[in-house]
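Enquirer: Chains as they are written, first to last, in the working numbering: chain E, 1 to 278; chain D, 1 to 307; chain S, 1 to 364.
Please note that a few of the clues may not be correct.
Taking lysine-lysine and the DSBU-like style, the derived pairs with C-alpha atoms no more than 30 Å apart in a straight line are [claimed, not checked]:
(1) E:Lys3 <-> D:Lys53
(2) S:Lys168 <-> S:Lys182
(3) D:Lys53 <-> E:Lys4
(4) E:Lys3 <-> D:Lys114
(5) D:Lys53 <-> D:Lys63
(6) D:Lys150 <-> E:Lys36
(7) D:Lys150 <-> E:Lys4
(8) D:Lys63 <-> E:Lys125
(9) S:Lys113 <-> S:Lys130
(10) S:Lys66 <-> S:Lys182
(11) E:Lys3 <-> D:Lys227
(12) E:Lys44 <-> D:Lys150
(13) E:Lys224 <-> E:Lys44
(14) E:Lys224 <-> D:Lys114
(15) D:Lys114 <-> E:Lys125
(16) E:Lys36 <-> E:Lys224
(17) D:Lys119 <-> D:Lys53
(18) E:Lys4 <-> D:Lys119
Treat the hints as calculated values from the structure; they're not laboratory data.
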Amino acid sequence: MHKKRDFLFHLYMALFLAYLLIPLMIMGGASFNDSKLPTVYPWKGWTWQWFIDLWHDGRIWYAFRNTLLVAVAVAAIAVPIGAAAAILINSLTGRIRSVLYGVMIAPILAPGAVIGISTLLFWNKLNVGSGLHLSVLGQVSYIAAFVMLLVLARLQSFDQSLEEAALDLGASHGQVMRRILLPHLYPALGAGAAIAFFQSIENFNITLFTRGNSDTLTVYVFSKVRSGITPTINALALLLILFTLGLALWYELARRRRARLEAAREAEGRRAEDAELA
Amino acid sequence: MRDLLRRYGAGLTAGFIGLTVFWLLILVILPNLTLFESSFRPYLPVVDIGGPKDVYSLGNYMKVFGAPVDASFFGITFQLPVHIKIFFGTVYYSALVTVITFLLAYPLAYYLAKIVSPKSLPTLFLLLFVPLWVSEILRSFAWFIILAFKGPLNALLLNIGIIDQPIRFIAGYTPVIVGLVYTYVLFMVFPIYNAIQSLDTNQIEAAEDLGSPWWRTHWRVILPHAKPGIASGSVMVFMLSAGSLLVPTLLGSTSAQWFTQTIQQWMLEALDWNTGAAYAFLLLILCTVFVSLVMRVFRVRLSDIAK
Amino acid sequence: MSAGIDLDDVCCDFGNFRAVDHVNVSIRPGEFFSFLGPSGCGKTTILRMISGFTEPSSGAIRIGGKDMKGQRPNQRPTALIFQNLALFPLMPIWQNISFGLEVRGVDKATRRKRAEELLALVDLPGAADKMVSQLSGGQKQRVAIARALAVEPSVMLLDEPLSALDLKLRQHMRAELRAIQKRTGVTFIYITHDQGEALAMSDRVGVMSHGRLQQVANPRDIYNNPVNGFVASFVGENNILPGDIQNVAEGMASFATPIGTFRARLGEGAQGGRAKLYIRPEHMLLSPQPGAENSVPVTVADVAFEGNFIAVQAVTENGTHLTAELRNDGAATVPATGSRMHMTFDAQRSAILPDSGAQPVGGA
Chain E
1 MHKKRDFLFH LYMALFLAYL LIPLMIMGGA SFNDSKLPTV YPWKGWTWQW
51 FIDLWHDGRI WYAFRNTLLV AVAVAAIAVP IGAAAAILIN SLTGRIRSVL
101 YGVMIAPILA PGAVIGISTL LFWNKLNVGS GLHLSVLGQV SYIAAFVMLL
151 VLARLQSFDQ SLEEAALDLG ASHGQVMRRI LLPHLYPALG AGAAIAFFQS
201 IENFNITLFT RGNSDTLTVY VFSKVRSGIT PTINALALLL ILFTLGLALW
251 YELARRRRAR LEAAREAEGR RAEDAELA
Chain D
1 MRDLLRRYGA GLTAGFIGLT VFWLLILVIL PNLTLFESSF RPYLPVVDIG
51 GPKDVYSLGN YMKVFGAPVD ASFFGITFQL PVHIKIFFGT VYYSALVTVI
101 TFLLAYPLAY YLAKIVSPKS LPTLFLLLFV PLWVSEILRS FAWFIILAFK
151 GPLNALLLNI GIIDQPIRFI AGYTPVIVGL VYTYVLFMVF PIYNAIQSLD
201 TNQIEAAEDL GSPWWRTHWR VILPHAKPGI ASGSVMVFML SAGSLLVPTL
251 LGSTSAQWFT QTIQQWMLEA LDWNTGAAYA FLLLILCTVF VSLVMRVFRV
301 RLSDIAK
Chain S
1 MSAGIDLDDV CCDFGNFRAV DHVNVSIRPG EFFSFLGPSG CGKTTILRMI
51 SGFTEPSSGA IRIGGKDMKG QRPNQRPTAL IFQNLALFPL MPIWQNISFG
101 LEVRGVDKAT RRKRAEELLA LVDLPGAADK MVSQLSGGQK QRVAIARALA
151 VEPSVMLLDE PLSALDLKLR QHMRAELRAI QKRTGVTFIY ITHDQGEALA
201 MSDRVGVMSH GRLQQVANPR DIYNNPVNGF VASFVGENNI LPGDIQNVAE
251 GMASFATPIG TFRARLGEGA QGGRAKLYIR PEHMLLSPQP GAENSVPVTV
301 ADVAFEGNFI AVQAVTENGT HLTAELRNDG AATVPATGSR MHMTFDAQRS
351 AILPDSGAQP VGGA
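Use the sequences and the hints to build the structure in full.
Expert: This is the structure:
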């Protein structure tokens, strides 16, 4: 009875994956098609032309550099803020905690345009003009919330008696932080930094309103798409996709390797346990 | 709080509080208060700022009631100010996108949580995550290419003879919906997956064992359990859709405006930041109302939604 | 290297709740001292006050004669072994053990050497480079002890460290802990709710209930001469008979109960009036004939063979249940169920104690 049902579900899964992945393949494939318009059909022959054009497009590389600068700055600011906020809220209970929590995650739910405009207006009042520095601050305001959630989740699995043990053994507060808490949080901080970095790279709404005259990659691609496109954009898209996928794959493999190592250790612990009781 | 002091001492605790205050006050609360305040001020030349004309009024908000155009809803045609029409169009189509993504995502989430063998799960997730690693602009760009007048879809359909004239796909709200669904469907899949996954499979089997047909099992057992996930997914998808600027601009046409585009025009084309602020504030109110509505309807808390 | 500890009229309040209530005790240098009591009796709070994680609401704590007021945990000459051990999961064993030296700025080679020495002391050589998750429960226990010893504390505080272990291993570790304490000469303060642990390991035991120290004595006196009903019934089993004290003379008294009047030893706190008579089951004799005094006719209701002893449940004429435990010397005759016998006890081996010394003071 479940056979037919399972077949339909497998089919649906396959169709869904096709639906997700084929558009990306079309976009990537178009970067090799020798056609002025970005398309894969009709196929007019293989070319590297669009990659060569991309290489010579100075504005793209300038925008790319801006994007990286913003992303690094956002990660560098959002990770400490998010971690501090998570540690703070983890030590609170009751009403203050839920109110503070609400304020912290509200920026995730707020539309990017609203964040962008409010950031622009606020700093303008303080006579700080628009530019990428405002984009950084605007992006941090919601990306810090992602980091906060990640670190908070990691803190739930933290055994606070470890800190007490360290204090009892004579560690100072700074040493407790550096040797006990931070090592436990490293995975969350790393994931937080990665998320901050990629969220910043793909951010459009906040950047659009705060950037002034500077371009980031997303804004530049956007303006290109509207003003008439060549498959250079496709070439760029393909490179970006391959780059991020490579990183994601590397991260996943590293995670699996760590999990295997930990599983092996735990198995050894169980064996020692059995030997002890025998 | 005392706990923090005991663990980390005064210096580090002050650091934690300082960073959090900087974030919430300087980056979130004060900018939003400024937005609110600015939305009531008129747009004036620099010389008049602080002068006798610089007084609070609802003028910026009244601008949504200007410029009436024809609108039709379920066949009834009536006059509606253009910005109101765009506003409600945004709400309506965002809700539609939310419903469509739910219909697409629910079977998939159920499949991933309860049917597929756990062995192939990591690989499937890796594949599903691929589009999430690709930025939003590239995802909508992909559909821009596919749906182009001289794009591959038209060429394919022409060639196999289904149509004999290329279709102008990019017209009206349809391509915007297609783009939004494609871009945000995964934000619906994962929360529902998480919710269903926490349901004890024995409950499903018990229901089946008691003779419940599959649709009743879903309606009475699985859907109620998935409620927080559905709420979470719906909030994410609706917010992202209503707040999206990329997708409507890339895939929309002049006849299919999105409210964010109107805001953008006030801000970057008319350079009237005060009216832009008023409109942005309206969007913020819409989102707040929607989140509270979902929380009320699904009886969930904010901490269930943001995970 | 070891130091004595004085608790001088120590109280600790959490809001309205008084967790520790006027506790006075002097623990001698090099002593193995246990605080024994049910959960919630305040024993863990005492430990946390000695280690510095909790401040007393009033009273003073002195270690080696020095008042500890305002001294943070990292400034006290104590080392705490946590109930869950709290080993650092991300550090290899040797770094765990030498962490206390690391934070004092000791160089790496010295630390490593000291860790190896301590691993040898706790009988766990060769584990230096393993991770915590690779060890068994008993091995983790030893690492925790080694880590605490590394900072050369004058006082070691142990918070039910054996509770997570398997029964057999627990008994082995008791002897091990006792041996390590004797070898190092450090003052051990041990927290437990397990009377067997406390009696077997300690030089002296302090029994606690509702924040109050009920009795401080060596294990033998705790068991044989409990000062009140709480101590008597928390440590070991009892037959308990309520009644009235009459004719007090030379530490003995007549005690009128519903099943007869007995002569018994008068406990410290009992003066007169209502009280309870406590008789250990192993001090009850079962015989076909009545004894010279303190004898009561019973019907045997149930006989349970427990291996090293035989538990006999019997009922008196008015329906009171009494228990006797007969040593199984291999030849003991087992009474038949339903047979009519007499239960007799020695007046010196019974105690009349005040109702209970365990009334809560302060809030709920």
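Enquirer: Work down the list of hints and note, for each, if the structure agrees.
Expert: Hints and how they fare:
no., hint, result
1, E:Lys3 <-> D:Lys53, "violated, 75 Å"
2, S:Lys168 <-> S:Lys182, "holds, 22 Å"
3, D:Lys53 <-> E:Lys4, "violated, 73 Å"
4, E:Lys3 <-> D:Lys114, "holds, 14 Å"
5, D:Lys53 <-> D:Lys63, "holds, 18 Å"
6, D:Lys150 <-> E:Lys36, "holds, 11 Å"
7, D:Lys150 <-> E:Lys4, "violated, 41 Å"
8, D:Lys63 <-> E:Lys125, "holds, 24 Å"
9, S:Lys113 <-> S:Lys130, "holds, 16 Å"
10, S:Lys66 <-> S:Lys182, "holds, 24 Å"
11, E:Lys3 <-> D:Lys227, "holds, 28 Å"
12, E:Lys44 <-> D:Lys150, "holds, 14 Å"
13, E:Lys224 <-> E:Lys44, "holds, 23 Å"
14, E:Lys224 <-> D:Lys114, "violated, 44 Å"
15, D:Lys114 <-> E:Lys125, "violated, 54 Å"
16, E:Lys36 <-> E:Lys224, "holds, 14 Å"
17, D:Lys119 <-> D:Lys53, "violated, 69 Å"
18, E:Lys4 <-> D:Lys119, "holds, 21 Å"
Hints 1, 3, 7, 14, 15 and 17 from the list above are not met by this structure, while the remaining hints are.
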